[in-house]
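Asks: Below, each chain spelled out in residue letters.
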Amino acid sequence: MPFDTAPVAGSEPRRVRATAAELETTRRRAAGRRLAIGLGLVVVVAGALVVALLVGPARLSLAEVVGALGRRLFGREAASWRDTVVVSVRLPRALVALLVGGGFAVAGAALQGLFRNPLADPGVLGVSSGASLGAVVAISAGIAGHAIWTLPFAAFAGAAADVLLVFAIAARRGRGRLFSGTLLLVGVAVGALNVSLTTFVLSAALARYDAGRQIVYWLLGALEARTWDHVLLGAPAVLIGVAIINAHARELDALLLGEMGAASVGVDVARVRLRVVLASALVVGASVAVAGPIGFVGLLVPHLIRLAVGSAHRALLPLAFLGGGLFLLIADVVARTLPAREIPVGVVTAAIGAPAFLILLLRRRTAETVS
Amino acid sequence: MTTAVTALVEAEGVGFSYGPRTIFEQVVLAVRPGELVALCGPNGAGKSTLLRLLLGLHAPSAGQVRLGGLPVATLSRRQIARRAALLPQDAPVDLPLTVREAVALGRLPHLDRFQPEGAADGEAVERALEATDAVALGERPVAELSGGERQRVHLARALAQEAPLLLLDEPIAGLDLAHQLQALDLLRTIVDAGRGALVALHDLSLAARRCDRMILLAGGRIRADDAPAVVLTPETLAQVFGVRAEVRLDGDGRPFVLPHEPLRGVPPGDSAR
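As you go down the protein sequences, you meet chains H and W in turn. For the first sequence, this note's numbering gives the first residue as 1, with consecutive numbering after it. For the second sequence, this note's numbering gives the first residue as 372, with consecutive numbering after it.
These are calculated hints, taken from the structure and not from any lab test. Given the structure is predicted, the values throughout are model-derived calculations rather than measurements. From the three backbone atoms N, C-alpha and C, an ideal C-beta is built for every residue, glycine too. Nothing false has been slipped in among the hints.
Residues from chain H that face chain W, not an exhaustive set, calculated with beta carbons under 10 Å:
#1 27
#2 250
#3 257
#4 259
#5 265
#6 268
#7 269
#8 311
#9 312
Residues of chain W placed beyond 10 Å of chain H at every Cβ, according to the derived structure:
#10 383
#11 392
#12 393
#13 396
#14 440
#15 535
#16 541
#17 559
#18 565
#19 614
#20 617
#21 625
#22 628
Put together the whole structure using the sequences plus the hints.
Replies: Laid out in structure tokens, this is it:
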């Protein structure tokens with residue numbers, strides 16, 4: 001749009017001028033809208049949580065679910081096996097979904113903003129494929145069965161190794177400095193290496209039916225049989241990472257101005273990039289560790305939230321956390337209630353996410369103004 | 372030029388090399404409050420590099436830069452941002468923020484990490500929007516604005532920063548004539564109110580119309596630093612830009628450039644490499 005109707009010297013053309021009061025109203029309405037969306041999401045998440053506790057092979061009534069939660073909360077004796085189903089099976093599984101979905105969405109939103117690239121997602125630096133490789137090696141070597149924490153631990157170690165490798169290579173190329181473009185390219189290359197090694201381990205493991213089946217299932221991303229151990233393993237890393245990202249909301253906004261623009265308003269670009277990338281890696285590593293590489297949450301949800309509240313990270317990040325959690329929780333309920341035998345939740349998120357992303361893309365006026 | 376006033380920015384014998392390539396050396400310049408200074412020179416002379424260097428984004432290979440009297444190398448990015456605001460050349464076209472959100476980013480160097488924006492910040496944003504005639508654009512997405520409007524918004528962001536010095540890298544490139552004049556007049560008003568500005572410009576005649584001084588950077592050196600009427604001569608234009616050009620005076624007695632043809636040989640900007 002090279003032309004507009006701005007005043008030409010001498011003659012101020014008539015233009016629709018908003019009065020200060022109108023602008024104030026618009027601004028208040030925008031702020032109110034953000035708050036309403038936030039509160040609305042909280043309510044919907046709470047509702048979805050109740051549904052997630054109700055749905056399953058064992059038919060439970062709302063009273064039984066509420067009773068089970070109440071008895072647990074106030075330290076009373078469990079009334080029956082139904083309490084165990086609610087408190088020890090369905091609740092931790094739902095909490096893992098909220099945690100991991102929220103974590104993926106926040107990491108995706110931060111990385112999309114940081115790299116100014118609408119296609120950035122939690123997998124962009126190879127972190128999730130690194131975590132997958134770690135997990136697959138652990139399953140194949142047979143150490144995953146020893147304790148419930150060995151598999152998440154191996155996955156997290158894989159994610160950490162990936163980040164160290166990507167940073168080391170990128171810093172070497174940048175003579176000590178980290179450039180966005182280099183990070184992305186190195187991430188893609190190392191990610192491809194992770195995938196090929198994962199496939200190698202998988203093909204070697206296929207001879208053993210159990211290990212092969214377990215690997216394939218894990219790689220699709222699943223929330224089946226997640227326990228309080230998984231919640232406790234994942235929650236600290238995810239929540240700390242999300243908090244760190246959230247604390248850099250203003251700097252992420254400034255980075256939308258480009259690196260020079262951000263530096264001009266006092267942002268130490270290299271430091272912020274390092275912190276946000278490491279925090280995202282922490283979130284993604286921990287999320288993949290407890291739930292597997294679930295796709296499309298981190299790509300799709302931030303874009304949906306941006307459509308509703310814009311790109312300013314102070315609103316975007318918390319709402320992406322709620323929205324991502326909600327999306328994964330709903331996807332998990334769908335996965336559990338489909339008439340076929342239970343399918344991995346990663347299949348559902350991709351099945352919903354891919355068409356939703358396409359619709360989003362086609363409805364945009366210009367494809368370039370995404371990030 | 373009075374020496375009693377502390378310069379907002381000073382370059383003292385500054386040189387910059389990129390690997391084995393020397394971009395420029397022995398650069399001496401100063402900008403004081405109330406001064407609008409044009410930084411001109413052929414493509415590739417290092418104008419953008421010099422502006423970044425003044426903001427401490429590159430370290431000079433020789434000499435030093437002072438912002439408000441203090442060596443820039445000793446200042447943090449936030450401290451620098453409170454002393455000087457840069458309007459980069461590559462300001463993104465598709466900034467996915469509203470005008471107000473974009474302008475409010477100028478308050479970042481004044482806010483601690485968890486400190487919410489206060490009344491003073493709101494007022495600074497309001498003043499910046501008023502100064503750039505962008506109040507009415509307030510809630511519109513920057514990505515939907517025209518080139519002229521967008522440039523005003525980026526300038527408002529720099530103003531909201533409330534830094535005494537503005538560094539602008541070709542702020543009027545890509546604007547039509549009316550908007551170029553409008554932008555420079557706006558800049559003139561802002562500087563007359565007490566700030567200092569160093570502006571990289573390509574249009575010598577426009578620069579001469581509105582700026583107090585012109586600095587010519589070419590062939591790795593400062594070739595001239597004086598009032599436009601002194602700087603703009605056919606000889607200088609031949610030397611610095613490699614063109615045959617006339618310099619005439621307009622009705623107000625200000626010089627303007629009438630370029631005729633490039634002189635034979637390589638343009639000086641390229642020979643500097």
